[in-house]
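Sequences listed follow chains W and S, in order. If you're matching positions, the first sequence starts at 1 in our numbering and goes up one per residue. If you're matching positions, the second sequence starts at 1001 in our numbering and goes up one per residue.
Treat the hints as calculated values from the structure; they're not laboratory data. The structure displayed is predicted, hence computed values, not measured ones. Incorrect hints may have been included.
Said to hold, decoys possible - Here are some chain W residues the structure puts well away from chain S; computed CB gaps all over 12 Å:
no.	residue
1	ARG28
2	SER51
3	GLN89
4	SER123
5	LYS142
6	ARG163
7	GLU210
8	HIS216
9	ALA218
10	ASN362
What the hints assert, rightly or not - Restricting the straight-line Cα-Cα distance to at most 30 Å, the calculated cross-link-like pairs of lysine-lysine (DSBU-like) are:
no.	chain 1	residue 1	chain 2	residue 2
11	S	LYS1170	W	LYS7
12	W	LYS25	W	LYS403
13	S	LYS1003	W	LYS173
14	S	LYS1100	W	LYS143
15	S	LYS1121	W	LYS33
16	S	LYS1073	W	LYS33
17	S	LYS1050	W	LYS403
18	W	LYS369	S	LYS1121
19	S	LYS1003	W	LYS129
20	S	LYS1100	W	LYS369
Virtual Cβ for every residue (Gly too), placed ideally from N, Cα, C.
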Amino acid sequence: MKSKTIKVDYLSRIEGEGSLFVKIKDNRLTDVKLKIFEPPRFFEAFLRGRSFHEAPDITARICGICPIAYQMSAVHAVEDALGIHIDGQLRALRRLIYCGEWIESHALHIYMLHAPDFLGYESAIHMAKDYPDIVQRGLRLKKTGNEVVALLGGREIHPINVRTGGFYKVPSKQELLQLSEKLKSARDAALETVRWTASLDFPDFEQDYEYVALRHSAEYPFNEGRIVSNKGLDIPVHEYDDCFTEEHVQHSNALHSVIKGRQTYLVGPLARYNLNFDHLSPLSQEAARSAGLSNVCRNPFKSIVVRSVEILYACDEALRIIEQYEKPDKPAIEVQLRSATGYGCTEAPRGILYHRYSIDNNGIIRDAKIVPPTSQNQKAIENDLREFIPKYIELPREQLTLKCEQAVRNYDPCISCATHFLKLTLENE
Amino acid sequence: MKKKPTLAIWKFASCDGCQLSLLDCEDELLTIAGRITIAKFLEASRAVIKGPYDISLVEGSITTPHDAEQIQKVRHISRFLVTIGACATAGGIQSLRNFKDVKEFISLVYARPHYIDTLDKSTPIADHVHVDFELHGCPINKFQLLELISAFLHERKPNIPPHSVCIECKRRGTVCLLVSQGIPCLGPVTHAGCNALCPSYNRGCYGCYGPMETPNTAALSSWFNRLGISNDNLARLFSTFYASSEPFRKESEARMMNNQEITVQEQKKKNSK
């Protein structure tokens, strides 16, 4: 009788605190739990009674890795409530700052968190001893992403320049042009990243999930679009609550999201890519094809290649925006207060991030709801493990644990976000 | 050769941003890893070297019974313990719960409140154990973090100025927003360290580095009143990322009290009419 438990008490190389618990009895998988014990922080509760002005600054503090995503979803939801729409160069600058966050966050995940799994190292710092050039390239990419965020936002973490209606200050053309050279070399590094990640070894593992992402009529999505899936979902953002619901399970301080009456869905780079390949820039499409990806990628382990393609796209798009930039007359448009409920959904690096605010006549938030990408992906992560572990069940515990961790990291889970969420336990009875 | 000192990074209730600051030192990270053994840094590495550690950087505030026990263990195995950021140093934005009924909060966010194990208050590390140095900011400034690590390596005191954001504006030549445009700015009472970032973006400081030494918050509030800022808004302004720091908490409470008194007086006037 053979049985084992895999317990990873503190999953590493993820953002925040979670654990994994896997139970195997007679070589049969009996239980998988992705546990989130990151302490709860109650953002939705203390947003009540705050001013609408404060929503982007307060919600940014949910996550230090993707504060722009929080700021973007917050301002778009508030603007929806106030009945205003941001257009022209202000809209373009918001895409630009999001490009910076995608580059920074994806580079961090590819090089520092995920690649060590593929190459068998404990960290990027250990990896740097044998692959110094690769790690340096990752750090340079990450730095360029951060420089885009810092120029437009003031600083990399919890930027200060985003506000309802636009920005506090907008950059001159000259300031943006200084980024162009760096972005061009980042674009070259991104191309190399696509080639390099495509050369890694991937387990033969495909999943038939419902992929959910934003879809815009003309662009690869950042801030706008309808919420669509490969299985027929196609709704405007304000119908999110009609279609999605959150379940509270005992082993997690993060709520699990489900589509009412349907199976597991997932959000993030794979979903975006599968639903929006046609809107990638020609260079990114070509790089994806050369890397052996078709228009649809169902192998979660290959998300590392898709993230690289998205970095390439973000560099391309950032350069396009800078080239067409003309400084707007005003950094922000005026807002008129009214009592209403607004909805915002944007593409955080890890997938769609939904915000909803009800605001009164004085601009005070009366109700808030926030659904981060990681809480939407928790079920998919557990499902992947249920399908994946049986294939490797004969492996010794240590190796199986590594495989499980790698499968979790496919999703770049951000636990700080999900609790507003991870620890690995593998148990053999 | 002298043995390399060991560094451990610990996380409690927080957004991960302050420890991310170390990974954001893209130019310096590998050099740091050459001078110091990064013994425990879960966000970056699976490898964990057992303690004790020469220096522990602690991110996040204490909000659960488990964490309250854990911080005692961290202190026990750390030669120097340094808090990084507003959460660890002052309780953070999540300390807004300290002023409300946390049970109500749990039921607002979670459908099954009995699954959630949490304390009534979010408290800074120094409320639980002795802290050797506190680095302020939401988030911390990565250059101050580098200075701190460098000072530690050279066995000297870190050069982290305790003055206000105002001094930083003067240094970089930013024209005072409060004086020239009447924009409310917490710069005069806020701890330096961000290099007066917000004013340089034409935005008033919102106090994310917490109170400076001996801040005169009452005088600043009355200025803001004269600019037409309501007590309600002032109470909110002092009650964000350093809501639980004593000077900001007191000022916020004073503004709320003031507001209630005004409401009572207005009510009396109405009644007498």
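If any of the earlier hints don't hold here, list their numbers in rising order.
As far as the earlier hints go, 2, 4, 5, 6, 10, 11, 13, 14 are violated by this structure, in ascending order.
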